[in-house]
Amino acid sequence: MNIHILGSATTSFGELWERSLMSLFAEAVEAALNDAKLEPADIEAAFIANKAAGSYENQHHLNALVSQLFPHFPPSVRVEGACASGSLAMIAAELALLSGRYKTVMVVGAEKMTDVSSQETTTILSGAADTSTEVGSTFPALYALLAKSHIKSYHTTREQLSAVAVKNHHHALSNPRAQFHKEISLEQVTKSQLISDPLRLLDCSPVSDGAAAVILSTQPVKGKTKLLGFGQAQDSVSLAGRSSLTSLRATKVAMDQALKDSGVSRDQLQAAEIHDCFTIAEILAIEDLGFFGPGEGGPATLEQRTTIGGKIVINPSGGLKGCGHPVGATGVKQIAFLNDYILRGDANVALAHNVGGSGATAVVHILGK
Amino acid sequence: MQPAKYWRDNKSWKNWIGKRGTVVVSTVVTVPPSAQNTFQPYSYAIVSFGGERYEFMGVGHELLIEGDQVECCLRKTSVSEDHEIIGYGIKVRKVT
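Chains as they are written, first to last, in the working numbering: chain G, 1 to 369; chain A, 1 to 96.
Here chain G stands alone, though its shape is the one from the complex (with noise of 0.2 Å):
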């Protein structure tokens, strides 16, 4: 796959109360411009991921109010896919840049989620859920239902969930964009308030303000970060319609045809972001993408051997869980902070996982030099 990545940028990603959506929008869409050295007018078109601006702020039509930051009033395409909205606005972009209607574009994502109640944000995310089948359930409920099968099938220790939140928070400290720069004990995750058996506060991603822009281009170009594949699986919305509960094939699914499109092994990839939107979720990623077998993700975790200096390094940006999780913006973020990653030499191959609802949907991108 002949794309380049000519610039990144991500915002701040927190409770950023004196910000708004398209205030988020445009720093990252300027960031980008100048981290790529452009001109607004360079971009051809754009694609913007959000989930729920529609929801948050009866806010629509963020295609055009996108493409109005540029003077010159570029295509824009808006897409959602839940928490899997960034990665497949990449998709989007890069199928454009591949028929060869477009030479340089640019993927936006936003999400303003910290001025409704957290009950109202529990409300707004449910609906990535079927709300015709499944009445009543939470984000928290349905990776609780995974978590339990998962403790059941492979003994899956209350330490080792624990393990990921401590990870990834201690991951954090260095990535300045992060929402948390604290870390937290295993214990502190232990005790923390129970939000659906199993899963604790401190297992949850948190509710993040954030943007995140890159810019990707077919013009031959040297010494940038290239995406070398991708691939996107769907599985059944309802967990109650999944062949299994231990494992998320549409991850499964992604990763082979990711493989199989960039022609890199996996034991090339030495970095992944990884979509922890629970503790639970990395746990099963990290088998699912075949980086360790199943029922050894929680083990390998608390061994550290997902930390930086493992076998592979898990979420050196802090994740979901201690980056944040503007939902929108996650997918975007990802492909941002690898493209940082390998150009300052910390990876030359590295890979990220972002998936919708609670498995649903699921995007693998591979990058390297």
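Derived from the structure by calculation, the hints contain no laboratory data.
None of the values given here were measured: they were computed from a predicted structure.
Please note: incorrect hints may appear among the correct ones.
[Stated by the list, open to error] Below, a list of computed lysine to aspartate or glutamate pairs in the DMTMM-like style, where the Cα atoms sit at most 20 Å apart:
1. G/K152 - A/E71
2. A/K94 - A/E71
3. A/K5 - G/D130
4. A/K76 - G/D130
5. A/K11 - G/D130
6. G/K224 - G/D340
With chain G held as given, fit chain A onto it using these hints.
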């Protein structure tokens, strides 16, 4: 809750009421969406009816665990603003 959606959904209730199944896996929701706030804490479970599985809220504060035999029944499933419809739907209760 949208009245038209509610009107469409309630046509399937008669197919569910009295149907019995087995809890495959369950959790207890303590931080619910706003429309379910008055019910918390409540069980949320995947229930197997022979070859098919569906997801349901448990009735009241009843704790459902794996292997429980349950029966579908009609109960309030959402409580919204005063001027809105009170939502009813299918929940499951333990068969004693």
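Evaluated hints:
At most 20 Å may separate the alpha-carbon atoms for a hinted pair to count; G/K152 and A/E71 exceed this at roughly 24 Å. Distance check on the hinted pair: A/K94 and A/E71 sit about 6 Å apart at the alpha-carbon level, within 20 Å; holds. At most 20 Å may separate the alpha-carbon atoms for a hinted pair to count; A/K5 and G/D130 meet this at roughly 14 Å. Straight-line distance between C-alpha atoms of A/K76 and G/D130 comes to about 19 Å, which keeps the hinted pair within the 20 Å bound.
A hinted pair counts as satisfied when its Cα atoms are at most 20 Å apart, and A/K11 with G/D130 qualifies at roughly 18 Å. Simply put, G/K224 and G/D340 have alpha-carbon atoms about 10 Å apart, close enough for the 20 Å limit, and the pair holds.
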